[in-house]
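Starting from two chains that each stand alone, build the complex the way the hints lay out.
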Amino acid sequence: MRPDSKPEGIRQSMSWLHTWTGIVLGWLLYAVFFTGTLSYFLDEVNLWMKPELHASVPGADAAQTAAVALAGMQKLAPNAGTWTLELPNERQTTVSASWRDRNAAAGRAGTKRAELDAATGAKIEARETRGGSFLYRFHFELHAMDRVTGRWIVGIATMFMFVAIISGVITHKKIFAEFFTFRPRKGQRSWLDAHNATAVLALPFHIMITFSGLLLLMGTLMPWGAESAYGGDRQAYNMERRGMVPGGQQGQQGQQDQGGGAGREGREGGGREGRGGRSRDGAGAPPVDLAAAIVPMMAQARAEWPDHAVGRITVNRPNKPGTTVELRAHGSDSLTTRGASARLVFDAATGKIKERPPLPTPSAASAFGNVFTSAHMGRFAGPTVRWLLFLSGVVGTAMVATGLVLWVVKRAPERRKLGRTPFGHRLVEVTNIGVVTGLALATGAYFWLNRLLPVAMAERAAWEINGFFLAWLAALVHAAVRPPRAAWKEQCIAVAALFVLLPVLNPLTGGHGLSTSIPLGQAGIVGFDFAMLAIAALFGWIARHLIRKDRPAAQAAQPAQPVLKEVTP
Amino acid sequence: MNALVVLALSYAAMAAVSLSMERHQEQVYGKAFPAMPLRLGGWALLAVALVPAVAAWGTSVGILAWLGFLTFGALGIGLQMTYAPRPVRWTAPAGALLGAVAWLLA
Numbered sequence: 050m051r052p053d054s055k056p057e058g059i060r061q062s063m064s065w066l067h068t069w070t071g072i073v074l075g076w077l078l079y080a081v082f083f084t085g086t087l088s089y090f091l092d093e094v095n096l097w098m099k100p101e102l103h104a105s106v107p108g109a110d111a112a113q114t115a116a117v118a119l120a121g122m123q124k125l126a127p128n129a130g131t132w133t134l135e136l137p138n139e140r141q142t143t144v145s146a147s148w149r150d151r152n153a154a155a156g157r158a159g160t161k162r163a164e165l166d167a168a169t170g171a172k173i174e175a176r177e178t179r180g181g182s183f184l185y186r187f188h189f190e191l192h193a194m195d196r197v198t199g200r201w202i203v204g205i206a207t208m209f210m211f212v213a214i215i216s217g218v219i220t221h222k223k224i225f226a227e228f229f230t231f232r233p234r235k236g237q238r239s240w241l242d243a244h245n246a247t248a249v250l251a252l253p254f255h256i257m258i259t260f261s262g263l264l265l266l267m268g269t270l271m272p273w274g275a276e277s278a279y280g281g282d283r284q285a286y287n288m289e290r291r292g293m294v295p296g297g298q299q300g301q302q303g304q305q306d307q308g309g310g311a312g313r314e315g316r317e318g319g320g321r322e323g324r325g326g327r328s329r330d331g332a333g334a335p336p337v338d339l340a341a342a343i344v345p346m347m348a349q350a351r352a353e354w355p356d357h358a359v360g361r362i363t364v365n366r367p368n369k370p371g372t373t374v375e376l377r378a379h380g381s382d383s384l385t386t387r388g389a390s391a392r393l394v395f396d397a398a399t400g401k402i403k404e405r406p407p408l409p410t411p412s413a414a415s416a417f418g419n420v421f422t423s424a425h426m427g428r429f430a431g432p433t434v435r436w437l438l439f440l441s442g443v444v445g446t447a448m449v450a451t452g453l454v455l456w457v458v459k460r461a462p463e464r465r466k467l468g469r470t471p472f473g474h475r476l477v478e479v480t481n482i483g484v485v486t487g488l489a490l491a492t493g494a495y496f497w498l499n500r501l502l503p504v505a506m507a508e509r510a511a512w513e514i515n516g517f518f519l520a521w522l523a524a525l526v527h528a529a530v531r532p533p534r535a536a537w538k539e540q541c542i543a544v545a546a547l548f549v550l551l552p553v554l555n556p557l558t559g560g561h562g563l564s565t566s567i568p569l570g571q572a573g574i575v576g577f578d579f580a581m582l583a584i585a586a587l588f589g590w591i592a593r594h595l596i597r598k599d600r601p602a603a604q605a606a607q608p609a610q611p612v613l614k615e616v617t618p
Numbered sequence: 006m007n008a009l010v011v012l013a014l015s016y017a018a019m020a021a022v023s024l025s026m027e028r029h030q031e032q033v034y035g036k037a038f039p040a041m042p043l044r045l046g047g048w049a050l051l052a053v054a055l056v057p058a059v060a061a062w063g064t065s066v067g068i069l070a071w072l073g074f075l076t077f078g079a080l081g082i083g084l085q086m087t088y089a090p091r092p093v094r095w096t097a098p099a100g101a102l103l104g105a106v107a108w109l110l111a
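Chains as they are written, first to last, in our numbering: chain A, 50 to 618; chain B, 6 to 111.
Simulated from the structure, these hints should not be mistaken for laboratory data.
Some clues are possibly wrong.
These stretches of chain A come out as covered by chain B in the derived footprint (C-beta under 8 Å, 3 or more residues) [to be verified]:
hint : segment
1    : 82-95
2    : 217-231
3    : 456-464
With a cut-off of at most 20 Å between alpha-carbon atoms, the simulated EDC-like pairs for lysine to aspartate or glutamate come out as follows [what the hints assert, rightly or not]:
hint : chain 1 : residue 1 : chain 2 : residue 2
4    : A       : 222       : A       : 242
5    : A       : 459       : A       : 174
6    : A       : 124       : A       : 338
7    : B       : 36        : A       : 227
8    : A       : 235       : A       : 599
9    : A       : 222       : B       : 27
10   : A       : 223       : A       : 242
11   : A       : 161       : B       : 27
12   : A       : 235       : A       : 195
13   : A       : 223       : B       : 27
14   : A       : 124       : A       : 195
15   : A       : 401       : A       : 353
A virtual CB, placed ideally from N, CA and C, is assigned to each residue, including glycine.
Pulled out of the complex, with its shape left as it was, chain B reads as follows (with noise of 0.2 Å):
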């Protein structure tokens, strides 16, 4: 469960980062604007996935965790971007809502 919080919540951030790039935004939009609370939410987003991988796994085996699923979320935004990058739109809400259920539930 913890996994899937973590790991939904990666995602969603990562998308946030993403979509605060021009390159991005044109792909998914098809225009590019200007995106400083995306990219602000999303690094914020990335630092409240730390606290259920801590709670989970504890300090040191949490961070370790927290890491290994900022790379499989940042890997799954990257294949998004290259094979379907349209549908972000509406996938990372529905990350970080997943993500906040999870949270509840755990």
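The following block holds chain A by itself, in its conformation from the complex (with noise of 0.2 Å):
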């Protein structure tokens, strides 16, 4: 690669491999660690954009609140053939129901959704939205292309990057050596000290989330190998490589959908619940009053796992002779089984446990990947670990983000040489700025649209999404209009007014504010909102450390660093 035609080390066309595959796919990756991050807080997102259903205040005895729920479910669907219903817990205000009716389509289309009030069983309309489920999404598949395809774009800027990551390494051997140092005020070399400290400090996180990122795609990637061993039935390959049995339905509705509310719209493996119940209807004892019911099997789950609360309750054959109730705990102690949890299923007539399915063992092999997956979803996290990987989604975006500045800034140098700005330089810079405060100017405007929009408005979920990437395109407009260090600097300032006004617009439009919220102890609302002032105060500090550095006195007392001043934020 050397004009010269010098023999090169490693190093040097490592350097050069990282450099390009990092710049190539530097602006997809940003944009998928950006709405990658923000999903591991999905359900408080999509709980904020349905502010009604922030009016659902659970009460403090779960068994009452499950009581409520299935009197709720015996108003609004006592013919189903199945009820699944996800209690409340730190991160969801009210009961998620889903039923199936008896003779419904197979699949997702069959089954119907509702949201339930906590306290009182009664279904609450929440406005049309994606919520933070189109994040999600656009996260491994983009958007407005055919999935498949979205996932191959995104599958490959995943390989390329754990091309740049080892060949980061690589290339910077003195990161190790360099491991707790950074050169503030010192331009490139601040840069390049930034990039190093976020991608070495969180380099097991990088790891991680990269392999995993290319295990969850490889279905897709690589599909071969699956569609010719099972003669392309790929229903039965996902059924084996989970451990089931083809046409088990125990063993089918424990296992399809893991995780806390892994049924919700939006994820993968949703909406499969219940294929059992139809047979065996006709004469018997007269239906049980699940409502009551409840409240002793609630008592011995609670003796059972004292460690765990009762996630998911599962009523088959309601108001039919031979109903079961299963309940599931909520979360899981290993990674191993894919946060499957413990479940206990009950004969609703006597009240007693019939059953206790064991938890699956999977094989070493599917065990290894399912930490990584499970590592990458993050769906079995408590708060701690939760806000652990967050940040550190918070970390790798950040590395990302000054490696994109680095490429601009290293470029300096041969600019001023020039006397000129060259074509591919200044459309890097563009993009660079569009994608870098652009996006999260577009994720503001998202949430601001979804409080403004009418919610009687006709396709208001699609309009919340164009309103997403209408300011994403103004913001690459505004990029390439403006000089470079104004335009950083008015999107930081705009990033940040749009986010921190956003706990103040909550109460404004139907939610509930801190002020409600933190007393309720709603911690999954509380949550986004300091989500959200964290994210301003760190675009504010960005603003703030461009418009200082850009006063004359400040100028003055650095004279000696054109470099940054002229091309960097």
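Listed below in structure tokens is the structure:
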């Protein structure tokens, strides 16, 4: 690669590889990291974007909540074949109900959903929105294109990310010696330090997240092995991989939707509850009053799992003879089982425990894969681990962003020598701004539109998403027409303003503001508002930094940094 | 509580590891000195911090949480070495002590 055709060492060749794979796919990876990091708070984003659900405040007694919810289901869907209820937890305020009518179509289409008020069991009508699911889906399959195509693009970027990590470690062998070193106000040196620090400090996270990202997309990127071994029957392959017996009802129901709330909108593997329970209709004992029967069952579950609350209640054959009630623990203790949690199956008529389905014991290979993919998605994670993953994601996003900026900073001397800015350099510079701050701007706009678009508007959810892309486009155009420093500064200010006002907008547009959500202990709503303030603070801090450096006094104090002044934020 | 233990121990351990490097010794003490015991002690303390993590979250989640806390312990030391290196002389032992006390109380 050297123009003078001298032989080059492995470090130089890796440097070239690192620079170019980094810049070519860096923008996409930034978007993947940014939206993926937000997706650690998927449930919280979904909750915030449906302010109608904020009014639901569960009581302290989970058994009472369960009884009220079952009474609500009795009114809502007395003839369903199966009811599934996700009980409220620290991330959701309502009872999420889903059910399947007896003659419903197979799969997702036949599943109906509703959110129930945890105190009354009444159905809550929430506004139409894709919520955090849009950001989550965008993170691995992009938007407005075929799902497989999107996954291919993200998958290829992920492979390059893996290459960039490995080549980065080889290129910058000094990074381990300079583990704790950051040299501020030194132009290119500082950007390199920041890029190295964010890369090395969170290296275990980066390797885990990239490798597991590839594992998660494995089925899309390399389907041929499974295709040929199972004769094209993907479902049979998936079932065997997850340790299930084809056709086995109990096993399938237990394992298809792992993790808290996997059956909800926008997640994979959702909506497959309850294929069982269609047979054996007929005569027998009178229907059980489930609202009364659930209270002692909840007490038994509590005795069985002192460390775990009940997360999900599944009722098979409600209002028919042979009703069974399955309780599933909220959360689990190991990643090797992909977050599978303990279950108890009760005979509704007698209230006795009928079955204690064992936890699946995965093979070594799938246990290994499960650990990585579970860690990637973090569905199992309690608040501490979730925040750790989120902050690691922020560090990863910063790593990509500093790398992108570094590309431009590094070429500043070349620009000055030429006396003009080559088109390619300008293109990278504009795109950097449009992506790094532009995506944050678009996300802020998405949250604002969620509250400002009329609730009754046609195609409402689609217009929230259109607004996201229009705001992103506007940020790109703005970056192209303004000088780079001004563009960075103005966009940072805009992002900080959009995000800092979200906790104000929230109570004004029907949600529970901090003064309500904190006393009620609604951790999910509180967490979202604080996360928005944190993002506002971050961008506000960068903006303040840029404004200070623009002041003449500051420039006079630091005359030795023309490089920094010209092209860097 | 366990989060505090693991974070405080990681921070103290990372301080020891950093102070085994010449550059940071000069920042903090103004002179370099041989520091193999500090280095080994730092690595040992990192390993020790894994124990409360696994106790709190189980093996697989515990290792993940431990790695996360190591990252932020190191980030804290990195920022401190940049902007306020000298106080690490007492903040690092304080971190170790805080971790130990919190562990005993947990």
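Hint check:
As drawn, the segment 82-95 of chain A meets chain B at 0 residues by the rule of a beta-carbon pair under 8 Å; below three, the given contact is violated. Given a C-beta distance limit of less than 8 Å, the hint that chain B covers the segment 217-231 of chain A holds, as 5 residues qualify and 3 suffice. Counting residues of the segment 456-464 of chain A whose CB lies closer than 8 Å to any CB of chain B gives 0, which falls below the minimum of 3, so the coverage claim is violated. The suggested pairing of residue 222 of chain A with residue 242 of chain A holds, with an alpha-carbon distance near 13 Å, which does not exceed 20 Å.
Pair hint residue 459 of chain A plus residue 174 of chain A does not hold up; C-alpha atoms about 54 Å apart against a cutoff of 20 Å. Proximity of residue 124 of chain A to residue 338 of chain A is assessed by CA-CA distance (about 13 Å); at most 20 Å being required, the pair is judged to hold. For the suggested pair residue 36 of chain B and residue 227 of chain A, the alpha carbons sit about 18 Å apart, so the restraint of at most 20 Å is met. Our distance criterion of 20 Å between C-alpha atoms is met by residue 235 of chain A and residue 599 of chain A, whose separation comes to about 16 Å.
With a C-alpha separation of about 18 Å, the suggested pairing of residue 222 of chain A with residue 27 of chain B holds against the 20 Å cut-off. Only pairs whose Cα atoms come within 20 Å are accepted, and residue 223 of chain A paired with residue 242 of chain A is accepted, the gap being roughly 11 Å. Only pairs whose Cα atoms come within 20 Å are accepted, and residue 161 of chain A paired with residue 27 of chain B is rejected, the gap being roughly 65 Å. Our distance criterion of 20 Å between C-alpha atoms is broken by residue 235 of chain A and residue 195 of chain A, whose separation comes to about 45 Å.
In summary, the hint linking residue 223 of chain A to residue 27 of chain B is supported, as the alpha carbons are separated by about 15 Å, within the 20 Å threshold. The suggested pairing of residue 124 of chain A with residue 195 of chain A is violated, with an alpha-carbon distance near 40 Å, which exceeds 20 Å. With a C-alpha separation of about 13 Å, the suggested pairing of residue 401 of chain A with residue 353 of chain A holds against the 20 Å cut-off.
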